[in-house]
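Please put together the full structure from these sequences, using the hints given.
There are 2 protein chains.
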Amino acid sequence: MRHAVTQTDPAHQAATRRALLDAAADVFAEVGFRNATVRDICRRAGANVAAVSYHFGDKAALYTEVLTEQSRLAYAKYPNPVPVPGLTPEQRFQAFVRSFLQRVLSAELHARHGRIMAREMVEPTAALDRLVAEAIRPQAELLRGIITDLLKGRADAETTRLCGMSVVGQILFYCHCQPVLTRLFPGAKFDDGELDRLTAHITAFSLAAIHGLPDQPKPAVHAPTTLPPAAPKGSRPRSH
Amino acid sequence: MRHAVTQTDPAHQAATRRALLDAAADVFAEVGFRNATVRDICRRAGANVAAVSYHFGDKAALYTEVLTEQSRLAYAKYPNPVPVPGLTPEQRFQAFVRSFLQRVLSAELHARHGRIMAREMVEPTAALDRLVAEAIRPQAELLRGIITDLLKGRADAETTRLCGMSVVGQILFYCHCQPVLTRLFPGAKFDDGELDRLTAHITAFSLAAIHGLPDQPKPAVHAPTTLPPAAPKGSRPRSH
DNA sequence: TGAAATGTCAAACACGCGTTTGAAATATTT
DNA sequence: AAATATTTCAAACGCGTGTTTGACATTTCA
Numbered sequence: 001m002r003h004a005v006t007q008t009d010p011a012h013q014a015a016t017r018r019a020l021l022d023a024a025a026d027v028f029a030e031v032g033f034r035n036a037t038v039r040d041i042c043r044r045a046g047a048n049v050a051a052v053s054y055h056f057g058d059k060a061a062l063y064t065e066v067l068t069e070q071s072r073l074a075y076a077k078y079p080n081p082v083p084v085p086g087l088t089p090e091q092r093f094q095a096f097v098r099s100f101l102q103r104v105l106s107a108e109l110h111a112r113h114g115r116i117m118a119r120e121m122v123e124p125t126a127a128l129d130r131l132v133a134e135a136i137r138p139q140a141e142l143l144r145g146i147i148t149d150l151l152k153g154r155a156d157a158e159t160t161r162l163c164g165m166s167v168v169g170q171i172l173f174y175c176h177c178q179p180v181l182t183r184l185f186p187g188a189k190f191d192d193g194e195l196d197r198l199t200a201h202i203t204a205f206s207l208a209a210i211h212g213l214p215d216q217p218k219p220a221v222h223a224p225t226t227l228p229p230a231a232p233k234g235s236r237p238r239s240h
Numbered sequence: 001m002r003h004a005v006t007q008t009d010p011a012h013q014a015a016t017r018r019a020l021l022d023a024a025a026d027v028f029a030e031v032g033f034r035n036a037t038v039r040d041i042c043r044r045a046g047a048n049v050a051a052v053s054y055h056f057g058d059k060a061a062l063y064t065e066v067l068t069e070q071s072r073l074a075y076a077k078y079p080n081p082v083p084v085p086g087l088t089p090e091q092r093f094q095a096f097v098r099s100f101l102q103r104v105l106s107a108e109l110h111a112r113h114g115r116i117m118a119r120e121m122v123e124p125t126a127a128l129d130r131l132v133a134e135a136i137r138p139q140a141e142l143l144r145g146i147i148t149d150l151l152k153g154r155a156d157a158e159t160t161r162l163c164g165m166s167v168v169g170q171i172l173f174y175c176h177c178q179p180v181l182t183r184l185f186p187g188a189k190f191d192d193g194e195l196d197r198l199t200a201h202i203t204a205f206s207l208a209a210i211h212g213l214p215d216q217p218k219p220a221v222h223a224p225t226t227l228p229p230a231a232p233k234g235s236r237p238r239s240h
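Protein chains in written order, with our numbering: chain A, 1 to 240; chain B, 1 to 240.
What the hints contain is simulated information worked out from the structure, not anything from laboratory work. Wrong hints could be hidden among the right ones.
Stretches of chain B that chain A covers, calculated by requiring three or more beta carbons in the stretch to come under 8 Å of a beta carbon on chain A [to be verified]:
hint	stretch
1	36 to 42
2	123 to 129
3	160 to 174
4	202 to 209
Using N, Cα and C, we set each Cβ at its ideal position, and we do this for glycine too.
What follows is the structure, encoded as structure tokens:
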């Protein structure tokens with residue numbers, strides 16, 4: 001990769017920083033910030049051990065740069081749906097789920113964004129606060145708006161929030177639990193090759209849930225094995 | 001005279017081993033296997049650095065013992081619902097969700113089981129295979145049976161599996177994404193103090209979804225922003 | 001008792017880590 | 001061409017890690 005040019009010709013000089021960012025994105029996605037070693041990153045980038053310190057200051061600064069870039073790449077390639085007037089809330093909902101899944105599972109981006117985010121959630125670094133403010137909270141607000149429209153005033157803010165978490169939980173499951181899924185269902189894939197299937201299921205499941213929610217949230221039951229608030233047999237609350 | 005046991009086992013000698021297991025459970029839950037240090041564990045246990053090596057062989061063996069014990073404790077305190085004849089699938093479903101949430105969020109057990117499992121999923125150790133075989137797969141089978149009953153033959157095996165993952169995804173969300181949740185909703189708690197609320201929501205959401213699923217799974221859509229399966233009116237695919 | 005077995009401890013070992021160093025190699029400017 | 005700035009590199013530094021060591025304390029039991 002570097003034999004065609006001398007080591008310090010301009011193309012190669014710019015390339016070292018780029019190679020470090022690429023290698024670091026892979027390593028951080030694979031093993032997380034703490035377990036990643038700058039020696040491994042530099043080896044994959046074909047650079048010297050001191051390169052990270054020289055080009056980025058230290059390992060943490062490289063990480064935040066990778067985090068920012070991967071997030072930017074994911075949203076650039078798979079942006080949130082733009083609010084086209086005339087779209088039904090159901091259509092906006094499906095588009096939201098689909099783009100979310102794409103960003104998080106995209107094989108073309110090596111699922112780096114999703115895997116880095118998953119690690120950041122289980123083992124937060126100092127970069128998480130900015131990430132929440134700049135990426136996650138807008139995302140949550142977008143989803144909240146869609147679900148509010150879907151509910152058409154049939155539920156309070158708390159229920160709306162819980163519905164949002166039910167949706168995001170379904171999506172992130174395929175990202176957070178890959179190691180378990182591959183062991184539980186060997187042979188089955190849960191990458192973006194299954195994008196259409198996963199989008200269709202999560203959309204159908206969630207829309208049926210939101211449309212079918214009882215108008216007033218039932219009070220919580222206390223006994224461990226008490227009656228669910230659910231309907232008896234035959235009642236299919238798909239009122240529509 | 002002692003009994004047939006030739007080895008010495010007064011309560012006092014067993015105390016160090018016990019203290020190590022307790023301290024290790026806390027530390028592993030807080031920072032994960034890789035980031036945990038035996039020095040920290042031993043300090044909290046009031047033991048010497050060499051204690052882990054002496055009593056358990058090495059750090060990894062201590063970890064698998066902690067993993068096994070915490071799983072056992074969680075299931076002992078909050079067992080899966082026993083299949084009482086006469087219970088509706090809806091009742092069995094709610095009991096499943098509730099006990100799952102309890103095991104994973106229990107403050108009394110310091111949420112150790114859930115936090116350790118969350119880390120094990122994002123960063124698997126050699127212990128994950130056994131964990132899947134002994135704990136996770138039976139759990140998945142139990143849920144699959146309940147959902148099969150709920151669906152009453154209205155969906156194929158693949159849809160049943162996807163529904164199970166939608167349910168588990170909702171539950172694990174509160175366990176996997178705590179750091180984000182506390183930043184996104186400061187002041188809100190998502191621990192087992194909210195057990196009733198979370199159980200009620202996940203149960204109502206999922207039952208409405210499962211009861212409301214279309215009888216035949218729709219074919220997956222292919223265009224990135226095409227119609228959702230439930231589009232009332234004004235359906236006009238976006239061109240972009 | 002006394003010797004063997006068992007548990008504890010401070011110290012040290014071997015290794016991997018992030019980072020720094022100072023010189024050498026290369027680009028850039030004068 | 002000379003001088004300066006930039007980038008690379010092998011080597012090493014300082015530190016934290018899991019683990020081992022060997023002396024010492026305690027318990028067991030003939």
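Consistency of the hints with the structure:
no., hint, verdict
1, 36 to 42, "violated (count 0)"
2, 123 to 129, "holds (count 4)"
3, 160 to 174, "holds (count 12)"
4, 202 to 209, "holds (count 8)"
The structure shown violates just one earlier hint, number 1.
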